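Add chain B to chain A, keeping to what the hints say.
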Amino acid sequence: MRQKPTETPSETASRRKFLSLGAAVGGALTACAEPQEVVEEAPKRLGRAPDKYGERSPFERSSRLGSASKNPETGSTRSPLQDSHGIITPSSLHFERHHAGVPEIDPAKHRLMIHGMVERPLVLTVDEIKSLPSVSRVHFIECSGNSRSEWTDKKGRTAQHSHGLASCSEWTGVLLSVLLDEAGVNPEANWLIAEGADACKMHRSLPLDKCRDDVIVAYGQNGEAIRPEQGYPLRLVVPGFEGNINVKWLRRLMLSGQPAMGREETSKYSDLLADGKARQFSFTMEAKSVITRPSGGQELAREGFHEIAGLAWSGRGVIERVEVSTDDGNTWQDADLQEPRHRIAFTRFRLPWTWDGAETVILSRATDDTGYIQPTEQALIAARGHNSDYHNNCIKAWKIGADGNVTHV
Amino acid sequence: MYSPRSLQCIGRLVLSAACLCATTLAQSPKYKVGRAPTAEEEKAWSITVLPDGAGLPAGKGTAVEGKDVYDRRCAECHGNELQGGDSSALIGGQGTLATPKPLKTVGSYWPHATTIWDYTNRAMPFDTPGVLTNDQLYAVVAFILFKNGIIKETDEMNRETLPGVKMPNAGGFVKDGRPDVGGGARD
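Going down the list, the protein sequences come from chains A and B.
Read in our numbering, the first sequence has 136 at position 136, and its numbers run on one by one without any break.
If you want our numbering, it's the 1-based position in the second sequence plus 1000.
The following block holds chain A by itself, in its conformation from the complex (with noise of 0.2 Å):
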């Protein structure tokens, strides 16, 4: 599979003027004009030396895609799913989000403070954190504005337009528990009011059940520590709850009995619905996938086999089934899932596929382990309108073209 490279509007002119030529004439002028294939000979140079950080290939580019704005340190970056192998996101590919761009820490001067209503305020360096019992978990990461577009007539024309503020990473840290019980919590706490070390001092308001389950205070990312982009040297990982309630830079937890109703958590990351109430605290990501090879912007390059590729996750567990359909959600085969799955992890899946070289439509449906089915557009529509903007886990659809190339819906 190609990746197509963006054309001027000569050079698609050219190509089917080209394409046409060769239709006319048959086969065997067709061949003479495919391009000499070039093959490296056998080595006969020494390469170079070990180098103390690994850098990737020069030849390969798959990068974030961000976008054009007035004040950059507000702004986001997608990650290039349509490029990835695996379940894993490479951390210079994870996607970023920030709200007062990215600070620079001195993890020896950095400091997270505990307090409110627990028996014993603390201060606790990232050395004390890193020393006490460790947990390292496959998590994904989702922005709830993750395909916004898909909301709208203008949807997104590649995987990473529409679904790239999603990446995976391993994550390693201390438990939130761990470190609520060193402070000893009121029992009169319900909410733990999170804050990170940016300009913005970005903050929110998690519910207390959650801090005792699986919430990380994570500094480990992919075997590294956390990237600046992603927190460093603290951030909270919260499984299956929003991007943006994962806070980074983490600096405080303040524990509370009502929840902060900042600016977060009120006026942004709410879901407005059709009659106009909004929903709050819709902290799930729900079940959701999509297929990122072949999809939007690639190429098939000739009729044939193609392995059919793609991500699914949810927030509320394991991915037990990912459905695929080639021919337009008419009829549905069952995708292979990569072990192992996960629990709120992107997890993989692969379904061996012969095209024939007719125009069609290909589709995903995943289905977590609590029997929840990712929904249509319409579905979602249907029940909540057209002004939710966040939270949209709707079937993603990719055209492909008679002549191989692959298009959003």
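No wet-lab data here; the hints were simulated from the structure.
There's no promise every hint is true.
Derived DSSO-like pairs (lysine-lysine); straight-line CA-CA distance at most 30 Å [unchecked claim]:
#1 A:Lys268 <-> B:Lys1060
#2 A:Lys268 <-> B:Lys1043
#3 A:Lys210 <-> B:Lys1043
#4 A:Lys277 <-> B:Lys1152
#5 A:Lys130 <-> B:Lys1032
#6 A:Lys210 <-> B:Lys1030
#7 B:Lys1101 <-> A:Lys154
#8 A:Lys277 <-> B:Lys1032
#9 B:Lys1166 <-> B:Lys1067
#10 B:Lys1043 <-> A:Lys109
#11 B:Lys1152 <-> B:Lys1166
#12 A:Lys277 <-> B:Lys1030
#13 A:Lys130 <-> B:Lys1166
#14 B:Lys1152 <-> A:Lys268
#15 A:Lys268 <-> B:Lys1030
#16 B:Lys1101 <-> A:Lys210
#17 B:Lys1175 <-> A:Lys70
#18 A:Lys277 <-> B:Lys1166
#19 A:Lys268 <-> B:Lys1175
#20 B:Lys1067 <-> A:Lys70
#21 A:Lys155 <-> B:Lys1175
#22 A:Lys155 <-> B:Lys1101
#23 A:Lys109 <-> B:Lys1032
#24 B:Lys1032 <-> A:Lys268
#25 B:Lys1030 <-> A:Lys130
#26 A:Lys268 <-> B:Lys1067
#27 A:Lys109 <-> B:Lys1030
#28 B:Lys1175 <-> A:Lys210
On a predicted model such as this, the values are computed, not experimentally measured, just so you know.
Below, chain B without anything else, positioned relative to chain A:
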């Protein structure tokens, strides 16, 4: 020989002793890491303002004073008339939430007046957060509320009055009822 009643009584005693023990165990630090914050440190870090006004500091201001703060510190991004620009509109939108083009502003959407103070204090002005004094914060919040028709120009905002301001969309939020489609078990 114990009567069934006294057995029950002993059982209850043992049970409550066990509970007490478990509670004590759960509440004592296991790893003994970290230190207590100093009083000054905790005060300086405690910037969260809750909807009931907890966390609001002393200070006061009115919309009359707030206009000057707004013009100098906010208008460049939010517009001279709070209509928005490089950043969001702070005014208008009331009555649009159930229409195809909802405009979510402080006036039309934000449920708590305390949130405006909290957010402005922690995050604004965008490129120099933290420069406004408490009086300036009360004043500029008063100005935004006044321009939205929520308070009068001369109403003083302070830590007593601000939590009492009734926002137009205070009743506009509902509990997350998902899964609303797709079946599956409720959270």
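- Query: Tell me, which hint numbers fail for this structure?
  - Reply: As far as the earlier hints go, 8, 12, 13, 15, 16, 17, 24 are violated by this structure, in ascending order.
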